[in-house]
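If you want the building blocks of each chain, they are given just below.
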Amino acid sequence: MKLDAKIPAGPIAEKWQNAKFSNKLVNPANKRKYTVIVVGSGLAGGAAAATMAELGYKVKCFCYQDSPRRAHSLAAQGGINAAKNYQGDGDSIFRLFYDTVKGGDYRSREANVYRLAEVSNNIIDQCVAQGVPFAREYGGYLDNRSFGGAQVSRTFYARGQTGQQLLLGCYSALSRQIGAGTVEMYTRRDMMDLVLVDGRAEGIIVRNQVTGELEAHAADAVVLATGGYANAFFLSTNAKGCSVSAAWQAYRKGAAFANPCFTQIHPTCIPVSGDYQSKLTLMSESLRNDGRIWVPRKQGDTRAAGDIPESEREYYLEERYPSFGNLVPRDVASRNAKAVCDEGRGVGEGGLGVYLDFADAIERMGEDQVRAKYGNLFHMYQKITDENPYQVPMRIYPALHYTMGGLWVDYNLMSTIDGLFVLGEANFSDHGANRLGASALMQGLADGYFVIPYTIGNYLAAKGAGFAGTDHTEYRAAIEGINDKVNSILSVKGQSSVDEIHRKLGLLMWEHCGMAREEAGLKKALSEMPAIAEEFKTSVNVPGSPGEFNQTLVKALRLADFLEFGELMVRDALERSESCGGHFRLESQTEEGEALRDDENFAHVSAWEYKGAGETPVMHKEPLDFEYVKLTQRSYK
Amino acid sequence: MNLTLYVWRQKDANDKGRMVQLQASGISEHMSFLEMLDVVNEDLLKKGDEPIAFDHDCREGICGMCGMMVNGKAHGPQDGTCLCQLHMRTFKDGDVLYLEPWRARAFPVIRDLVVDRSAFDRIIQAGGFISVNSGSAQDANAIPIPKENADLAMDAAACIGCGACVAQCPNASAALFVSAKISQLALLPQGQSERHIRVRKMIEQMDREGFGNCTNHGECEAVCPKEISLNNIARMNRDQIVAKVTKAS
Chain R
1 MKLDAKIPAG PIAEKWQNAK FSNKLVNPAN KRKYTVIVVG SGLAGGAAAA
51 TMAELGYKVK CFCYQDSPRR AHSLAAQGGI NAAKNYQGDG DSIFRLFYDT
101 VKGGDYRSRE ANVYRLAEVS NNIIDQCVAQ GVPFAREYGG YLDNRSFGGA
151 QVSRTFYARG QTGQQLLLGC YSALSRQIGA GTVEMYTRRD MMDLVLVDGR
201 AEGIIVRNQV TGELEAHAAD AVVLATGGYA NAFFLSTNAK GCSVSAAWQA
251 YRKGAAFANP CFTQIHPTCI PVSGDYQSKL TLMSESLRND GRIWVPRKQG
301 DTRAAGDIPE SEREYYLEER YPSFGNLVPR DVASRNAKAV CDEGRGVGEG
351 GLGVYLDFAD AIERMGEDQV RAKYGNLFHM YQKITDENPY QVPMRIYPAL
401 HYTMGGLWVD YNLMSTIDGL FVLGEANFSD HGANRLGASA LMQGLADGYF
451 VIPYTIGNYL AAKGAGFAGT DHTEYRAAIE GINDKVNSIL SVKGQSSVDE
501 IHRKLGLLMW EHCGMAREEA GLKKALSEMP AIAEEFKTSV NVPGSPGEFN
551 QTLVKALRLA DFLEFGELMV RDALERSESC GGHFRLESQT EEGEALRDDE
601 NFAHVSAWEY KGAGETPVMH KEPLDFEYVK LTQRSYK
Chain C
1 MNLTLYVWRQ KDANDKGRMV QLQASGISEH MSFLEMLDVV NEDLLKKGDE
51 PIAFDHDCRE GICGMCGMMV NGKAHGPQDG TCLCQLHMRT FKDGDVLYLE
101 PWRARAFPVI RDLVVDRSAF DRIIQAGGFI SVNSGSAQDA NAIPIPKENA
151 DLAMDAAACI GCGACVAQCP NASAALFVSA KISQLALLPQ GQSERHIRVR
201 KMIEQMDREG FGNCTNHGEC EAVCPKEISL NNIARMNRDQ IVAKVTKAS
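Sequence order for the protein chains is R and C. Per the numbering used here, the first sequence starts with residue 1, numbered consecutively. Per the numbering used here, the second sequence starts with residue 1, numbered consecutively.
Simulated from the structure, these hints should not be mistaken for laboratory data. Any given hint could be a false lead.
Unchecked claim - Here's a subset of chain R near chain C, in silico, CB distances under 8 Å, partners left out:
| hint | residue |
| --- | --- |
| 1 | Asp125 |
| 2 | Gln164 |
| 3 | Ser273 |
Unchecked claim - Calculated lysine-lysine pairs in the DSBU-like style (CA-CA distance at most 30 Å, straight line):
| hint | chain 1 | residue 1 | chain 2 | residue 2 |
| --- | --- | --- | --- | --- |
| 4 | C | Lys11 | R | Lys493 |
| 5 | R | Lys493 | C | Lys244 |
| 6 | C | Lys47 | R | Lys537 |
| 7 | C | Lys244 | R | Lys555 |
| 8 | R | Lys463 | R | Lys493 |
Every value quoted in this text rests on a predicted model; they were computed, and no experiment measured them. Backbone N, C-alpha and C fix where the C-beta goes; we use that ideal spot for every residue, glycine too.
Make a model of the complete structure from these sequences and hints.
Below, the structure written as C-alpha cells:
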C-alpha cells in the first residue's frame with residue numbers, strides 16, 4: 001500500500017488555487033453521464049450531494065434515519081468557525097490555520113488544514129444565503145462568540161442550535177435537488193458493503209430497514225460521509241444510530257484507516273447517572289465563555305456548592321492556565337477534570353463531576369442576558385438533571401464526543417481505494433490529535449460544499465463515464481456474504497442482549513482506551529476483547545426475521561463491526577507510545593502533566609491496512625512535514 | 001417505580017394492530033422516557049418476545065426522530081419537551097400509560113410506534129428552500145438583517161420536524177410545520193424572491209399528502225416540543241392570500 005497525499009505544489013496559500021486549476025474538468029453537458037453515490041446526509045454528505053447535483057451529476061444519497069434532516073451533525077450546539085475577522089480582533093486565514101494545526105497537537109496535514117481555513121469564509125456566506133438564521137447584533141450584522149483554543153472571536157452561531165440550523169440549510173439545498181429529480185434519496189438504509197470492480201469503488205449494498213431487502217447500487221464513484229465511531233464506547237454524545245459500519249466495510253475492502261486512536265473527550269457533558277443510561281448529553285463548549293469551572297479545594301467536600309466559600313474553591317483552569325483560563329482546548333480541559341476527580345475532589349454522586357458556575361456571569365450581565373445567550377442549554381440541563389443552573393452551578397464531566405481518526409484520504413479526499421472519497425468526520429485529515437470547538441461543522445461543510453465538488457471532477461474526467469451494472473458477480477457475491485452474516489446473527493438466539501454486549505465493549509474501551517491510556521491497560525483490553533466478540537457470536541439474542549422492520553437486528557449488525565473495530569483502535573493506541581492531543585499516554589507526559597509529544601518518532605499518520613479476518617493489520621506511515629507551523633510544546637498558560 | 005403500559009403493537013403496515021398490556025418494573029425516576037422503554041424491551045427480549053419498535057436517534061431533543069402519544073398527548077405531559085427529554089420523575093408509581101403512534105393518514109404506521117413521515121420531506125422538496133447554488137453567495141455581512149427579524153426567523157427555524165403538531169391536531173393538519181418553514185424564509189431578505197411561489201407550492205404539496213386543514217384549534221402549538229408559535233400560521237395564511245391575488249407562479 002502506497003500513501004501518496006498528492007499535496008499540490010506551491011506556497012501553502014496558493015496550493016488550493018493551483019489544485020483547482022490543474023484538476024481535469026468534466027464538461028457541463030457531460031456531467032449528467034456520471035452517477036455518484038453519497039452515503040450519509042449530514043453536513044458533509046448532504047452538502048456534497050446537493051452541490052454535485054447542482055453541478056449536473058446524477059446523485060444517489062443514502063441515510064439510516066427516516067429523513068436526511070435528522071443526521072447527527074444537527075446536535076452540534078455552539079457554533080462554526082470562520083476567519084472573517086468581522087470583529088477586527090486580528091483574525092486571518094493564516095491564524096485559523098495556525099490555531100487548528102496547533103490545537104490538533106501537530107498531527108494533521110498542513111495543506112488540508114490551510115484549505116479548510118481558506119474556504120471557511122465561503123461557508124458562512126453560503127449558509128446566510130440559504131437563510132440560516134445566525135445570531136446578529138442590534139445593527140443587523142453577524143455576531144461572534146469565542147471558543148476554546150483561540151484568542152479571537154471567530155465563532156458564528158445560531159443560539160445553541162448551530163448544527164441544527166446549518167444542517168437544515170444543507171437539507172433545504174438537498175431537498176431542492178431531490179425535488180428537481182437530480183438526487184435520488186434513500187432513507188432508512190444501512191450500508192452493508194462496498195463493491196469494488198477491477199479495483200475501483202463502484203457501488204454499495206444497502207439494507208432497507210423497513211423491508212429487510214438488500215439493495216445493490218452502482219455508480220462512477222462512491223462518497224462516504226458517514227460520521228465518526230465514538231459509539232464504540234457505547235456511551236457517547238453521538239446519536240444512537242451512529243456507527244463505524246460504512247467506514248469499516250471500506251477498510252475491509254482496502255481503504256486504510258488512519259489514526260483510529262484519536263478520539264475526543266468533550267469536557268462539558270452531563271455526568272453519567274445510573275447503569276441504565278443510554279447516551280450522554282453534551283453541554284456546549286460555548287458555556288465556557290461565561291461559566292467558571294471549579295472544584296472544592298478539600299477532598300471529599302460534600303457541602304452544597306453555595307456553602308463553599310470563595311477561598312475554598314479552586315478555579316483550576318484559571319489558576320493553571322491564566323492566559324486561556326476556562327477556554328483551554330478540549331483535551332486539556334478534560335484531562336484536568338479527570339485529574340481533580342482522581343484526587344477525590346469531584347462533585348456530585350460518585351464524585352465524577354466538576355462545577356461549571358454561572359453565578360458571576362449572572363451578576364455581571366443579569367439573568368436575562370444569560371438566558372438570551374444560553375437559554376436552551378440551561379433548559380436542557382434542567383430537564384435532564386432536575387436542577388436549576390441559574391441557581392446552582394452545573395455539574396459536568398468529560399465524555400466521548402468526536403473522533404479525529406478515520407479513513408485515510410489524500411488532498412483530494414480520495415481514500416486508498418480508487419473512486420472512494422471520504423468526507424467530514426469519517427476521514428482523518430484536518431483535526432490531528434484534537435479538534436478545536438466549532439471546527440467540526442466547518443470541516444463537514446467545507447468538504448461537502450467546497451472541496452469534493454472540485455476534486456471529484458478530476459477523478460471522473462480521468463476515468464470516463466460508465467460502470468459495471470449491479471448484475472456483476474461482485475454485487476452478487478457481496479449480497480451472499482451479507483445474507484450469511486445476517487442469518488448467522490439471527491440463528492444464535494442466545495441469552496445476551498445486543499446492548500449488554502455493547503456496554504461491555506464500551507466499558508472496556510473507556511477504562512483502557514479513554515482519557516488516559518497506558519501499555520498494560522491497552523494490552524489488557526486487547527486480550528479481553530476476543531471474549532466479548534465471542535459472546536456476541538455464541539450468545540447474542542436477536543429475535544425476529546431478516547425480512548422485516550427489525551431494530552434489534554440493525555443494532556446487532558452495527559455492533560458486529562464495532563467489535564472488530566475496537567481492536568484496531570486499541571492496537572493503534574498501543575503503537576503510538578507518545579501523548580498528543582486527545583491521545584494521552586501516561587508514560588509520556590511533561591512534569592506538569594501535559595501531553596508530551598515525541599516528534600522524532602511519531603510525527604506521522606498511522607494508516608492501517610486490513611490483511612484479512614483474524615490477521616494482524618499492517619501499519620503504514622505518512623510522514624507529516626511542518627513547513628509553516630513551528631512544532632512546539634503546546635502551552636495555554 | 002412500577003408502571004402499567006398499554007402499547008400499540010402492529011407488525012407492519014398491513015397488520016390491523018392492537019393495544020397490548022405490559023409492565024414496566026424497577027423504573028428509576030432519573031431515567032428518560034426512552035430509557036424506560038429500553039428497560040421494557042430488555043425484559044421482552046429476555047422472555048423471548050419481540051421488543052417494541054420506536055424511532056429515536058439523538059436522544060437530546062434535537063433530531064426530531066422520536067415521538068409518540070402518551071395518554072393522548074404528543075411527547076407526553078411536559079410542555080416544550082421531546083419524548084427523549086421527558087424524564088420518569090414526571091410520573092409516579094402505579095401510573096397507567098397508553099402509548100400510541102402518531103395518528104394521521106399522512107403518517108402510515110411502519111411498525112408498532114414507528115410511522116412514515118416522508119410526507120414532511122416532500123413538502124420541503126416542493127419549495128421549502130432558497131434557490132441558491134453552492135459558491136454563488138455574496139459576503140455574509142452584505143445585507144444587515146434587523147436582530148428582531150433574525151430572532152423571529154430563528155424561532156420558526158427551531159422546528160425539528162417531529163410531527164407532533166400533526167398527531168395532536170383533530171384535523172391532522174400540517175399547518176404549523178409548513179408555516180414554520182415559510183415564516184423563517186419570509187422573515188429574511190434572502191427569502192423574498194421566492195416568497196409567494198414557495199407558499200403556493202408547499203401548501204399544494206401539503207394538501208396532496210392528505211393532511212387536513214387548519215381550523216385554529218391551537219393544539220399543535222400546545223404540544224410542540226420547540227414551542228413554535230401559531231403566529232407562523234397567520235403569516236402563512238397572509239402570504240397565501242397574497243400569492244393567490246398576485247397569481248405567484
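Cross-check of the supplied hints:
1. Asp125: holds (4 Å)
2. Gln164: Since the shortest Cβ distance to chain C is 6 Å, the answer is holds.
3. Ser273: Check passed: Cβ of Ser273(R) comes within 5 Å of chain C, closer than 8 Å.
4. Lys11(C) / Lys493(R): holds (20 Å)
5. Lys493(R) / Lys244(C): violated (61 Å)
6. Lys47(C) / Lys537(R): holds (20 Å)
7. Lys244(C) / Lys555(R): violated (49 Å)
8. Lys463(R) / Lys493(R): violated (47 Å)
In the structure shown, a violation is registered for the earlier hints numbered 5, 7, 8, in ascending order.
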